[in-house]
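Asks: For the record, the sequence lines run as chains A and B. Heads up: the first sequence begins at 1 in the numbering used here, then just goes up one per residue. Heads up: the second sequence begins at 1 in the numbering used here, then just goes up one per residue.
Don't take every hint at face value.
Unchecked claim - Across the chosen pairs, the derived CB separations fall in these ranges: (1) A:Y7 - B:T6: 27 to 37 Å; (2) A:H62 - B:N57: 38 to 48 Å; (3) A:P60 - B:E163: 20 to 30 Å; (4) A:V34 - B:Q53: 24 to 34 Å; (5) B:D87 - A:V92: 51 to 61 Å.
As the list claims (entries may be wrong) - Coverage of chain A stretches by chain B, computed from C-beta distances (three or more under 8 Å per stretch; other residues unrestricted): (6) 29-41; (7) 73-80.
Keep in mind the hints are simulated off the structure, nothing from the lab. Predicted model, so just to flag it, every value in this text is computed and none were measured. Even for Gly, the Cβ is constructed at its ideal location relative to N, Cα and C.
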Amino acid sequence: MEKSNFYKFSVKLRWPAVCRNRSVEILKERPDIVEQMNYFREKIANILKIICRKPHQIDPSHAMSGVRLWFSSGQDVYDFIIRQPEFDWEIVPEISVINEITGEMQNYDVVYTPSGITID
Amino acid sequence: MPTKNTYISVVGALPISFDLHESMNIGPVVASSNSNKSLSFPYATVNSEQNLQDMLNSSNFKHTKLLCPEELFKKYLFFDGVTCLPDFPGLKTLELDANRCSPQILSLLLSVYFNPKIIFLLGYDISNPEELSRTKRIAISHPHIKFMYICNPPRTYQLDDLENGFCDSYIKYQEFIDGKK
Numbered sequence: 001m002e003k004s005n006f007y008k009f010s011v012k013l014r015w016p017a018v019c020r021n022r023s024v025e026i027l028k029e030r031p032d033i034v035e036q037m038n039y040f041r042e043k044i045a046n047i048l049k050i051i052c053r054k055p056h057q058i059d060p061s062h063a064m065s066g067v068r069l070w071f072s073s074g075q076d077v078y079d080f081i082i083r084q085p086e087f088d089w090e091i092v093p094e095i096s097v098i099n100e101i102t103g104e105m106q107n108y109d110v111v112y113t114p115s116g117i118t119i120d
Numbered sequence: 001m002p003t004k005n006t007y008i009s010v011v012g013a014l015p016i017s018f019d020l021h022e023s024m025n026i027g028p029v030v031a032s033s034n035s036n037k038s039l040s041f042p043y044a045t046v047n048s049e050q051n052l053q054d055m056l057n058s059s060n061f062k063h064t065k066l067l068c069p070e071e072l073f074k075k076y077l078f079f080d081g082v083t084c085l086p087d088f089p090g091l092k093t094l095e096l097d098a099n100r101c102s103p104q105i106l107s108l109l110l111s112v113y114f115n116p117k118i119i120f121l122l123g124y125d126i127s128n129p130e131e132l133s134r135t136k137r138i139a140i141s142h143p144h145i146k147f148m149y150i151c152n153p154p155r156t157y158q159l160d161d162l163e164n165g166f167c168d169s170y171i172k173y174q175e176f177i178d179g180k181k
């Protein structure tokens, strides 16, 4: 039987500037933006394959600000966050963690420091 | 999220000469920091950074959920085995601080959070009057849970004033486990 994955960590990656805050109506009229968004999703999938060692997932639901990504490993999400500049991406500086005991989602701010990142 | 467990065993800071694998037959075992490394525990509580680092580097705790207060959790959020302790209701009323209390008190708080029928206290140190008082306060605030203090003879009478506090020997504890197998 296939083992189900538990995606404990989640971050949101902002769309490229031209794709942000676009309503569904606008997207219907602008197939070029939709194409860019699809290309962006493909690119994310490829990069995740390179960075992540444990299972991960791109949230299929649409959000105006960006794409939600799910990670099962904390080390993978850390790598993904610190390697943003390499891919010229921008992550919403917030990380969500599902508490395995309570089942609740806890949100923390990601603070960038000269030596790396800290959680507040 | 853990399923409902009827019995939980809390392993305190004192050394134990009992096969803790046996305890796993009746329910989860919660370890208190790194004081006992005899078993791969399902859960272990910790509120000191030094101990947490030691546990993260120890192969015994590789498959253990290391539960720590939020303050410490934030520093180790990206470590896969580290989980944030839940917000224990009534902590202020109990005059307890999750960041400063002993790991065995944290284990006890976690166990009562799971709301079992009986909590077995193994290798649990109640020689310190403050620790005993904290344990009693937790027991009094959870009257529906039985707190079974397990020790070698002679038995202690320190929990006898509690309506839900009992004391028994490791032999009786083993017999209880055998009966549930």
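Asks: Please go over all the hints and tell whether each is borne out by the structure.
Replies: Results for each hint:
In this structure, Y7 (chain A) and T6 (chain B) meet the distance hint of 27 to 37 Å, their C-beta atoms being roughly 30 Å apart. A C-beta distance of roughly 43 Å is found between H62 (chain A) and N57 (chain B), which places it inside the suggested range of 38 to 48 Å. Between P60 (chain A) and E163 (chain B) the C-beta distance comes to about 54 Å, which lies outside the given range of 20 to 30 Å. Between V34 (chain A) and Q53 (chain B) the C-beta distance comes to about 48 Å, which lies outside the given range of 24 to 34 Å.
In this structure, D87 (chain B) and V92 (chain A) break the distance hint of 51 to 61 Å, their C-beta atoms being roughly 25 Å apart. Restraint check on the region 29-41 of chain A versus chain B: 0 residues with Cβ-Cβ distances below 8 Å, three needed, restraint violated. For the region 73-80 of chain A, the stated coverage by chain B is satisfied: 5 residues place a CB nearer than 8 Å to a CB of that chain, which reaches the threshold of 3.
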